[in-house]
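Knowing the structure of chain A, use the given hints to seat chain B on it.
Sequence lines, in order, name chains A and B. Under our numbering, think of the first position of the first sequence as 1347, with each following residue one higher. Under our numbering, think of the first position of the second sequence as 917, with each following residue one higher.
The hints are simulated quantities; they were obtained by calculation from the structure and are not laboratory data. All residues carry an ideal CB built from backbone N, CA and C; glycine is no exception. Among the clues, some could well be false.
[As the list claims (entries may be wrong)] To be clear about the criterion: a stretch of chain B counts as covered by chain A if any three or more of its residues have a C-beta under 8 Å from a C-beta of chain A, and this derived list gives those stretches: (1) 968–976; (2) 1016–1028.
[To be verified] Residues on chain B that point at chain A, a partial pick, calculated with CB under 7 Å: (3) VAL957; (4) CYS961; (5) HIS964; (6) GLY1011.
Given next are the chains, with one letter for each unit.
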Amino acid sequence: MIGWNGPFGSGISRERDHWSYARTCSGLEVFGAKRVEFGLVLEGKRVWQMLVEAPKSVIERHIRMVREGEEEAWMATHRIGETGLSDSGPSTRSVSYGVHGTSLAASNFFDQEGAAYFGELEALMQGVDGIRETEDRKSLFGPRPATLEIFPSWPMRFQQTPRVRPCPDFGFWCGKKYKDESKGRTGDDDDDDDDDDKRCVHDRNNANSSTIIPRQDTKAPSSKSRGSKKEPTKEKGAPFKSPRKTKPGFDAYVQQLESRRLRLKQLEQELQRARSQGLFLGVAGNTNEAISPGAAMFDTEHGRWLDENCRLMSELRGALQAHLPEASLRVIVDQCIMNYDELFQLKAEVAKSDVFHLLSGSWTTPSERCFLWMGGFRPSELLQILIPQLDPSTEQQLIYNLKQSSQQAEEALSQGLEQLHQSLADTVAGGPLSDGVDVGNYMGHMVLALEKLAHLEGFVRQADNLRQETLHQLRRILASRQAARCFVAIGEYYTRLRALSSLWASRPRQNLIGDGSVGSSTTDLHIVHPSMQDHFSGF
Amino acid sequence: MQYHAAAAEAGTWEYVTAAQGATMEEVEQLAAESAVVIFSVSTCCMCHAVKRLFWGMGVSAAVVELDEDPRWEEIDRALARLLGGTPVPVMFIGGKLVGTMDRVMAAHIDGTLVSLLKEAGAFWL
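For reference, chain A alone in the conformation it holds in the complex (with noise of 0.2 Å):
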């Protein structure tokens, strides 16, 4: 029997476990195992749980029915199922419905690699569905060997026409002869993503297997010739293809997967090449713009600036823990207080060439974007929420006072942007504006303006100024152990509030159709996003 967390423990699968797996098992356990890794890679545990719950049970039945080789019981089983399984419609797509109603949504929800994972899927349960339906042909029950459960013999619709075939209702399974497979499939299928999910998703490219086009494409077989001939057998982390034990249906999906890994290698390595050019696509939101080559160098450092914060943070929080000596403690602090000012040193540096950037907060998460002040956040806001966080009072009373100094700055900070602002409409809005556009003034209205906008960058220096020294008077008017639960405090406040993003970009929402980021219209669907998972290490 298969269970959801059998040999893969809670669910964690090396891909070697896998192959070893596949070798000793039939196929459609192989599968089960399969889609455990269909759940980590797309690390929606739930949702798989969901999509295969009604058709495992199926699938497992089938698995034992043809084991003890019983053609009537499984057509007794079958009909069991079908009555299990069907609380509505037609038997065709009792099964399917749903992963219909997820795969749909969920297309939308995970990126287009993820949908054409739940397309194959569907595609699958659609294939178990197709079973029901040819249940009268007793040519699938003609000899085969017992890892060939319910997959039926569709070689003999699709050997006549080898490289050209509608797919048929089973998905990716489709037209794979038994021969075939021993060739596999590579190459790049991103074409494929936009297809419908009812149709298989093939790579069109290899010219090494029988490749399965969508209905509506008749592309001649020369289009699958371009690309790259792989052996796929002789690729690093292939399977290995036992000739008794080899399943057309699941060694064309295994290939499936490796060329799809292939094919995001080559677009990182892509992306890394345009990005040394210069040019460098913005990747928040919807946005397509490209941003500055300072702006991205910012924003990959101060990634990295994130993960080291988080390490130090960690660190701290395992300093206190374990109760270490005030000295050790001390040490870290200095460490956390560094970090920090290695990171307005790098909003400096940006600051100087991009300072909308800063100014906009594309390099902060939505949530934290809230609360953006000049660039950054307010320090009297940190201030307030640590207050709470400290118990003697004469502490309290000491962070309160630097509260109040640090809004005090803010306030004249903030006064001070508002006449920039104030003084920088004046001078674009110098001049008639509606009567019409007097050239030579006009430059000169610009000339201006860009001395003005200059100064922008001076209010953002100010304002990480007051963050800086903020950090530091926090550092020194409290004791090591009080200072490093403070840092732990913030590190932990800004954790959450990244959270906070991640959970907000993944609720679900009425409409299908997603609008470039997320969709969903399964309310008890809790995706976790990848990102998310480090976010949630301070849970």
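Relative to chain A, chain B alone:
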């Protein structure tokens, strides 16, 4: 005082005329006139921020608007010699140089600004 020490440096004083030397004293004199003296430019937004800071603390500061003063070039040069670059705003508290916005902010967070102001009698206490 700081700018006396700077003025004593040989290199910078080679080209200094009596008038410019006098400017240093003028600056000093201006700085001593009031508990808090801010050298600023009326259109500068950072100067506006500094003024707001002091007014927010309840401090009445004497402001020397350089663009309205006929001696602005010399004062500007003297200040540049003191601090480098063209720093505006520049604060003097109790006749002593505090510095530009950076220093003022840091001093305010430190708590030293308030103590300096108290010493200079800038508060209405």
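Evaluation of the provided hints:
1. 968–976: Satisfied; 4 residues make the cut.
2. 1016–1028: Since three or more residues must qualify, the claim that chain A covers the segment 1016–1028 of chain B holds, with 8 doing so at under 8 Å.
3. VAL957: Interface hint status for B:VAL957: violated (11 Å vs cutoff 7 Å).
4. CYS961: With Cβ-Cβ at 4 Å, under 7 Å, it holds.
5. HIS964: Since the shortest Cβ distance to chain A is 5 Å, the answer is holds.
6. GLY1011: violated, 23 Å
The earlier numbered hints that this structure contradicts are 3 and 6.
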